[in-house]
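Asks: Go ahead and model the full structure; you've got the sequences and the hints to work with.
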Amino acid sequence: MSSLCLQRLQEERKKWRKDHPFGFFAKPTRNADGTMNLQKWEAGIPGREGTLWDHGVYPISIEYPDEYPSKPPKVRFPAGFYHPNIYPSGTVCLSILNEDQDWRPAITLKQIVIGVQDLLDTPNPNSPAQEPAWKAFQRNRVEYEKKVAAQAKQYTK
Amino acid sequence: MPTIRKLMSNSSLIFMNLNESQNGNTSDEDLHWNNPINTFIQMFSHRSSMSLEQWSDTTHVNQLIDGAANSPVSYEHLIHFVQSSKLLNNLLLMFTEIIVEDLTKYQLKKNRRTKVYDVVHEHLYISTMALINANLTMKNGADDVLYSCITAWINYISMARNMSPHGRMNLSEMFGNLIELMCESREETDNFVSGERVLGILANVFSNDPTLMDYELREKIEAIFVGVSRSGKADTSKHQWMLQYMNHLVTHDMNDELKELAVCMVDFLQINTLDLSNKLFTNISSTEINQETSQQYVKVLLQMSNFPLTPILEEFFSARMVDFWLDLADAYTNLVPTTISEQGSDLAIGIFQQVLGIYLPKISLMNKQKLMEHDSDEAPVHEFDDFRTAVTDFIESLWSILGNDKLTNVLIANIGSSSGSDVDIFGIEAMSLLLNTLLTDMTLSESPWICDILESSENIIKNIVLLLETGYADAGNNSVEKAIKLDFVRTSSSLIGSLAGYLKQSPARLSTCVDVLFKGLENCTINSNDGNGDYHDKLEALTIKAISILCDTCRSELSSYLLQLFNVLNTILIPGSNVSSFTREKLVRSLGFLIESKVESRPEEQGTYVSQAIDIFNNFIQQVISMPNEQTQEQRNYIHCLLTCISELGSALLPSDESDNSLVLQKLPELRDFWQRDPLQVRAKILNLLLQVLNNPVYSRDSGFVEVSCLIVGKGLKLADDEPFFLKYSMAEILNFVLDQIPKADLPSSLPFYSYLLENLVNQYKDRLTQQEFDYIFDNVFLKYYEGVITNDPDLQQTIINFVNTILDSKPSFAIYSSYWESFVLIEFAKLLSTREKFTIVAITKFWTKVMNNKKYTEADLATTRHQINSIGQQLIYQTMFGLYHTQRSDLNSYTDLLRAFVAKFPMQTKNWLTIVLPQICSNNSAHERFINKLQITRGNRAAANVILEWWLECNQLPTL
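Respectively, the protein sequence lines represent chains Y and H.
Heads up, the first sequence is in UniProt numbering, so the first residue is 1 and it goes up one at a time.
Heads up, the second sequence is in UniProt numbering, so the first residue is 1 and it goes up one at a time.
Note that these hints are calculated values from the structure, not bench results.
Hints should not be assumed to be uniformly reliable.
Incomplete in silico selection of chain Y near chain H, CB under 8 Å [to be verified]: (1) G34; (2) P128; (3) K135; (4) E143.
With a cut-off of at most 25 Å between alpha-carbon atoms, the simulated SDA-like pairs for lysine to any residue come out as follows [said to hold, decoys possible]: (5) H:K519 - H:S494; (6) Y:K157 - H:S581; (7) H:K744 - Y:N140; (8) Y:K15 - H:D385; (9) H:K846 - Y:P88; (10) H:K846 - Y:P125; (11) Y:K15 - H:L212; (12) Y:K14 - H:I201; (13) Y:K15 - H:D393; (14) Y:K157 - H:D377; (15) Y:K110 - H:V381; (16) Y:K157 - H:K485; (17) Y:K18 - H:E314; (18) Y:K146 - H:D385; (19) H:K519 - H:S597; (20) Y:K18 - H:N204; (21) H:K718 - Y:G80.
For glycine and all other residues, C-beta sits at the position ideal for the given N, C-alpha and C.
Replies: Now the structure itself:
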């Protein structure tokens, strides 16, 4: 890991601990010997109140490449996560996480998780990443909502 | 005032622009301006000697400006000027603030200013520091404008020192004066207003750029904040001021200010964490700071974390100090082991054990209860929950220092140390929360030492179960009590789940847990109509999750619970029971785990249980579908849930690759034989049930029912032939099912599910399926509906393409020797290359890429397809490039592999085809030529994608890269 990457991740950790939105959590993972792996974080995104996603805290992993912050981190839900903009592998399709689109090195962890929370209830139909959820969202809203509600139960906080 | 500010801002822009020419040098020596502050002083010094008419005379004013622009001002002159008028003093402060604010602001936009730092350093900085320090020492009450000016300068220097060597400017005198001013602030004099403002400035420094303040000054602050001087050089008597200030804040309930102070102090403490860690725990020698002083310092910090008040409600130090302790723990963990002093390790253990002792009562839900009872505002409650999360993060770091021996085992011992009326349920909860954090990442089944400790603790499971029972107890309509009890259930059920690996080895304790969980589930069911739907839903979800984990981990150990589980199932599956589909489905999966373990005796036993479960589902479904009236949505959901339960049962019983149970392995042949014979007719029962349900047009046209039916029928399709499984339908059974159902289905919503089932079927039975059978399927499932339905719907187009793609992956000969290949597939799929819908584009480009480049081809397959592509190549290229030209930018990449395959497999032909077709698509011959030439020589996916993007941009007249 480059020193710039390390420095920035330490800064991100400090910032997050000092100020993060309620209900979210994010922390670097630990290696088997108990040491911290700053390049891989685990985090939880609470569903926004009053939406289908409410009552669930959805786990994500955030992997920072060696080139961070020049390159964005990769954010992943568990594989098979049901959402129109989440790839079958769980990778999040969001413009601020795309190097060729809206990623900027100044984007913080807080902005990323809030962006992902926003995405949950406001999928972008123009950027489909998985078929089942995208098609249900477009064509069968009842089925879509039923599956999202079941998923929320699965991740009840 | 806004006009004056605007004029000042204009002047600051002139100042910046004059001092920053393109080459760093001004071309005209006369055009320079060093110090707007001096100019301001010079001009306003003439204010009384000039008449109003002279001020209005431009020529006169210009002469004045020329004379004043770079005229020096002595220190005495400056002091005299600011003392002459408070208004002029404030205007001067405002002017210098605006200049550095603009410099900071424009720096962010334009990262090329360098000379201006030099000019500011040499001139403006000197005047401003004299101005600020004079104001700070004048003792006539500082104004807001002074603090704003100081903040702006701190922000500017913090930015500038990273931009230029001239950006480094010393602020020590100013900080020293600020500290003096802070310590002179009193309740009696200014009601601590200036103290508070200075602390605000210091908080900004410690939070953003703490090294702006030098070491000596930080020592001073340390003595004031903590009352200990680690070097012995700073005056600790000033700590009294801090105590008085804190007392003032506490007495006047100034919670926001207390919180800000806590943030400021902890930010300050975190500057020295590494140094403190070195001093405390290592051999790195220091002449200035001895270890005893450092220990004394730590004692104070421990006290700071341990105010006997309710965190968040009455004090914020403990919540903020978690960060400091976490940093210290990390700093210790990161020390090179050889540098740790002889007593360093014991000292660390001692300190962190004390910290743990402080935080356990702090995170107690009793404090959350107080918070909730005090205020209906949710924010402090969230803040408290965050505090608990921060402590659980901290405990993970502590584990590296204290280890199981002094942390995990201690928590286990303490949870189990009380019994009967002595049990402090809140204390148990706090310890359980932390223990759960530690156990989540452990595999208990592989940690015999921890299991021994758990086993030797007489009351641990009793107390965790008591916590669970307390959580389940009726909370009435008291919202605070409900929230706390939900937390009790959350913590205890989650811990029981984490303990599953241990409970597997302790059957009696496992039973205790399972009994209470079932009782809790029953309670949720009974009470869920009392208007607390959300609350019961959460209790239910937490409970069923714990049950499911236990049933999965302790399958054979819980097999004696099968009958009880069947009873519970019978209760919760009753149509009117208030249990969510999620819980029903999870419980059936749990039941499946237990049935799966029933192979160790006789296969018949497993068969009987599976049959019994299917009978239950069947009976309930029959009850509903036999009702004479039209089915309500609720009934539809109910039947759908029961069918999903069958699917869940199947998933739970799917043979696992990881099974290393030798007894199970021995029984495999018997079990295989049993399920092949299926003497209890389980498969037939299920299939009949599905057919019966789907016989109702309401269900056969509902894609949800089609989906779950296909899931059930295809459950065993990915298993190897010799794997025993109760849901393994034959090829004929599945084919008949699909062919029977398709005509009744609503194809736009259901065809994808049938198609996916058929893909799995062909994969599984490819060696038994004949070409005629394949053609029959293709004809009856797809061709029959192509013109009327599929061709109008991009989703269905994609479905048919995906089906053929799967065949090309699995057994290409089925597709390419099909009687429909040349007559239908090649013709229609060529047209689909110009489709606009993302998933269809992905599927169709994949299809044509696979047709050209397929590792599963035989020599004959290859020759056949090459010949076919050769004959329709030009048309294919036209359709491809037409589709590409009209597609949106985000879909361009889908075409890359296809074009690369064309170039790789048909290089010369592709060049010719492109040369012919591109002008027909759009007229930009130079772009076409570049595209063709580059594509021929480009290697690699990314490079090819760029060539395609360039062509697309140029032809669509968009800005190129």
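Asks: Decide, hint by hint, whether the structure agrees.
Replies: To see whether the hints hold, each was checked on the structure:
At its closest, the beta carbon of Y:G34 sits 4 Å from a beta carbon of chain H; the interface hint therefore holds under the 8 Å criterion. Below 8 Å, beta-carbon pairs count as interface contacts, and Y:P128 has one with chain H at about 6 Å; its hint therefore holds. Taken as an interface hint, Y:K135 checks out: its beta carbon lies about 6 Å from the nearest beta carbon of chain H, inside 8 Å. Contact between Y:E143 and chain H, as hinted, is supported at the beta carbon level, the nearest pair being about 6 Å apart and thus within 8 Å.
With a CA separation close to 16 Å, the supplied pair H:K519 and H:S494 stays within the 25 Å bound. Distance hint between Y:K157 and H:S581 is fulfilled; the C-alpha atoms sit about 18 Å from each other, no more than 25 Å. The hinted pair formed by H:K744 and Y:N140 meets the criterion: a straight-line CA distance of about 19 Å does not exceed 25 Å. Under the criterion of a C-alpha separation no larger than 25 Å, the hint pairing Y:K15 with H:D385 is consistent with the structure, at around 18 Å.
For the hint linking H:K846 to Y:P88, the alpha-carbon distance of about 18 Å falls within 25 Å, and the restraint holds. Of the supplied pair hints, the one linking H:K846 and Y:P125 holds, its CA atoms being roughly 22 Å apart against a limit of 25 Å. With a CA separation close to 19 Å, the supplied pair Y:K15 and H:L212 stays within the 25 Å bound. Straight-line distance between C-alpha atoms of Y:K14 and H:I201 comes to about 20 Å, which keeps the hinted pair within the 25 Å bound.
Between Y:K15 and H:D393, the direct Cα distance comes to roughly 15 Å. Compliance with the 25 Å bound is thereby established for this hinted pair. Of the supplied pair hints, the one linking Y:K157 and H:D377 holds, its CA atoms being roughly 20 Å apart against a limit of 25 Å. Between Y:K110 and H:V381 the CA atoms are separated by roughly 20 Å; this keeps the pair inside 25 Å, and the hint holds. Distance restraint check for Y:K157 and H:K485: the Cα-Cα separation of roughly 14 Å lies within the 25 Å cut-off, and the hinted pair is therefore satisfied.
Of the pairs offered as hints, the one joining Y:K18 and H:E314 holds, with about 19 Å between alpha carbons and a cut-off of 25 Å not exceeded. Our distance criterion of 25 Å between C-alpha atoms is broken by Y:K146 and H:D385, whose separation comes to about 30 Å. Taken as a hint, the H:K519 and H:S597 pair is honoured in the structure, with Cα atoms around 24 Å apart against an allowance of 25 Å. Only pairs whose Cα atoms come within 25 Å are accepted, and Y:K18 paired with H:N204 is accepted, the gap being roughly 13 Å.
Annotation: proposed proximity of H:K718 to Y:G80 holds, straight-line Cα distance about 18 Å (limit 25 Å).
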